[in-house]
Amino acid sequence: MYFVAALVVLVGVVCTLDLLFTVRLTRLVRALPGPAGPSGSSGPSALPGRLPDLMLPVGEVVGPFEAVTADGEVRRGPTLTPGRTLVGVFTKNCPPCAERVPQFLEAAKNHPHGRDAVLAVLVTDGEDVSDYRDTLQPVAHVIVERKGEAATRALGVRGYPALAVLDERGGVLAAGTIMAHVEPVL
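For the sequence shown, position 162 matches number 162 in the UniProt record's numbering, and the numbering has no gaps at all.
The set of hints was computed from the structure by calculation and includes no laboratory data. Warning: the hint list may mix true and false statements.
[What the hints assert, rightly or not] Think about it this way: if two alpha-carbon atoms lie no more than 20 Å apart in a straight line, the pair counts; the simulated SDA-like pairs of lysine to any residue are: (1) K109 - L186; (2) K92 - L105; (3) K109 - A150; (4) K92 - A70; (5) K109 - T69; (6) K92 - A150; (7) K92 - E145; (8) K147 - P96; (9) K109 - A70; (10) K92 - V139; (11) K109 - P184; (12) K147 - D125; (13) K109 - E127; (14) K92 - E106; (15) K147 - A67; (16) K109 - D134; (17) K109 - D131; (18) K92 - V129; (19) K147 - R75; (20) K92 - V144; (21) K109 - Q137; (22) K147 - N93; (23) K147 - P57; (24) K92 - G156; (25) K147 - E127.
[Said to hold, decoys possible] Here are the computed distance ranges between Cβ atoms for each label pair: (26) R24 - H113: 47 to 55 Å; (27) G72 - A98: 25 to 33 Å; (28) E99 - F21: 25 to 33 Å; (29) G83 - L20: 48 to 56 Å; (30) G83 - A180: 14 to 22 Å; (31) G72 - D131: 16 to 24 Å; (32) L19 - T135: 42 to 50 Å; (33) V58 - C94: 18 to 26 Å; (34) V13 - E99: 37 to 45 Å; (35) R27 - R169: 37 to 45 Å; (36) T26 - E168: 39 to 47 Å; (37) E127 - L10: 46 to 54 Å; (38) E99 - Y2: 53 to 61 Å.
Even glycine gets a Cβ: it sits at the ideal position worked out from N, Cα and C.
Full structure from sequences and hints, please.
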C-alpha cells in the first residue's frame, strides 16, 4: 500500500513541476518580440509581427538626413519623393529580416511610383551586406550605414526589420515589421 501511495505522490510532484514549467515557458514566449509575442491591441496593430515603436510612429515626420546610396546618389530626407515612399530597414544577422527582404522586394517591384519611391537601409556593424544590396538595388535606392547614422537616426529605428510608408513631406503613414502593416497605404 505504501508503494502505491509513494507512486501517486511522485506522479503528483512530476505533474506539478510540468505545470510550473509550462506556465513559465508560456510567459517567456509571450514576452518575446515578433509573431509569437504580444500583439498590442485590436485592429491593425494586432497583426502578427507588430512591435511598438521600432521606428517613428504613424503621424511623426522623419527628421532631416543626408545619405549616399550604393549607386553614389545623395538622398535627403524627410522629403524623398513627390508620392508615397516605401522604406525598409534591415540588418544581416536578423532571421526576421531574411524573411522580410523577399516580401519587401516584391512590394518594391510593384510600387506604383517605381524605384525612386523605394528606400532600403541596410544597417551593418561590419558584416558583408552585398547580397542584400545586390538583391534590392534594382528596385530600391539602397543606403548602407552603421546603426545610429543619418538615415536610421532620422527614421528613429530601434529594431529590425522596420518597414514604413512615408508621405511626400516625410510623414509616417504606416509602420510595422511585416508588409501587411504597410502595404494597405501604398
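Status of each hint after checking the structure:
1. Between the alpha carbons of K109 and L186 the distance comes to roughly 12 Å, so the proposed pair stays at or under 20 Å and holds.
2. About 16 Å separates the Cα atoms of K92 and L105, which keeps this hinted pair within 20 Å; it holds.
3. For the hint pairing K109 with A150, the CA-to-CA distance comes to about 26 Å; that exceeds 20 Å, so the pair is violated.
4. Restraint check for K92 and A70: the C-alpha separation of about 16 Å stays at or below 20 Å, so the hint holds.
5. This hinted pair checks out: K109 and T69 have alpha carbons roughly 18 Å apart, not beyond 20 Å.
6. For the hint linking K92 to A150, the alpha-carbon distance of about 19 Å falls within 20 Å, and the restraint holds.
7. About 12 Å separates the Cα atoms of K92 and E145, which keeps this hinted pair within 20 Å; it holds.
8. Of the pairs offered as hints, the one joining K147 and P96 holds, with about 17 Å between alpha carbons and a cut-off of 20 Å not exceeded.
9. Annotation: proposed proximity of K109 to A70 holds, straight-line Cα distance about 18 Å (limit 20 Å).
10. Between K92 and V139 the alpha-carbon distance is near 19 Å, which keeps this suggested pair within the 20 Å criterion.
11. Between the alpha carbons of K109 and P184 the distance comes to roughly 16 Å, so the proposed pair stays at or under 20 Å and holds.
12. Under the criterion of a C-alpha separation no larger than 20 Å, the hint pairing K147 with D125 is consistent with the structure, at around 7 Å.
13. A hinted pair counts as satisfied when its Cα atoms are at most 20 Å apart, and K109 with E127 does not qualify at roughly 26 Å.
14. For a cut-off of 20 Å, the pair hint linking K92 to E106 stands: about 19 Å separates their Cα positions.
15. Taking the CA atoms of K147 and A67, the gap is about 13 Å. The hint holds against a cut of 20 Å.
16. With a C-alpha separation of about 14 Å, the suggested pairing of K109 with D134 holds against the 20 Å cut-off.
17. The hinted pair formed by K109 and D131 meets the criterion: a straight-line CA distance of about 17 Å does not exceed 20 Å.
18. Distance check on the hinted pair: K92 and V129 sit about 6 Å apart at the alpha-carbon level, within 20 Å; holds.
19. Proximity of K147 to R75 is assessed by CA-CA distance (about 17 Å); at most 20 Å being required, the pair is judged to hold.
20. Of the pairs offered as hints, the one joining K92 and V144 holds, with about 11 Å between alpha carbons and a cut-off of 20 Å not exceeded.
21. Taking the CA atoms of K109 and Q137, the gap is about 11 Å. The hint holds against a cut of 20 Å.
22. For a cut-off of 20 Å, the pair hint linking K147 to N93 stands: about 13 Å separates their Cα positions.
23. For the given pair, K147 sits about 19 Å from P57 by alpha-carbon distance, which is consistent with the 20 Å threshold.
24. For the given pair, K92 sits about 19 Å from G156 by alpha-carbon distance, which is consistent with the 20 Å threshold.
25. For the hint pairing K147 with E127, the CA-to-CA distance comes to about 12 Å; that is within 20 Å, so the pair holds.
26. Between R24 and H113 the C-beta distance comes to about 49 Å, which sits within the given range of 47 to 55 Å.
27. Distance hint check for G72 and A98: the Cβ-Cβ separation is about 27 Å, which falls inside the suggested range of 25 to 33 Å.
28. For E99 and F21, the hinted distance range of 25 to 33 Å is satisfied, since their beta carbons lie about 29 Å from each other.
29. Between G83 and L20 the Cβ separation comes to about 55 Å, which falls inside the hinted range of 48 to 56 Å.
30. Separated by about 21 Å at the C-beta atoms, G83 and A180 satisfy the suggested range of 14 to 22 Å.
31. Checking the proposed 16 to 24 Å range against G72 and D131 shows it holds: the Cβ atoms sit about 20 Å from each other.
32. L19 and T135 have their C-beta atoms about 47 Å apart, which keeps the hinted 42 to 50 Å range intact.
33. Take V58 and C94: their Cβ atoms lie about 23 Å apart, and the range 18 to 26 Å holds.
34. Distance hint check for V13 and E99: the Cβ-Cβ separation is about 42 Å, which falls inside the suggested range of 37 to 45 Å.
35. Taken as a hint, the range 37 to 45 Å holds for the pair R27 and R169, whose Cβ atoms sit roughly 43 Å apart.
36. Hint check: T26 to E168, Cβ distance near 45 Å, so the stated range 39 to 47 Å holds.
37. Judged by the Cβ atoms, the range 46 to 54 Å given for E127 and L10 holds: they are separated by roughly 51 Å.
38. The given range of 53 to 61 Å is respected by E99 and Y2, whose C-beta atoms sit roughly 57 Å from each other.
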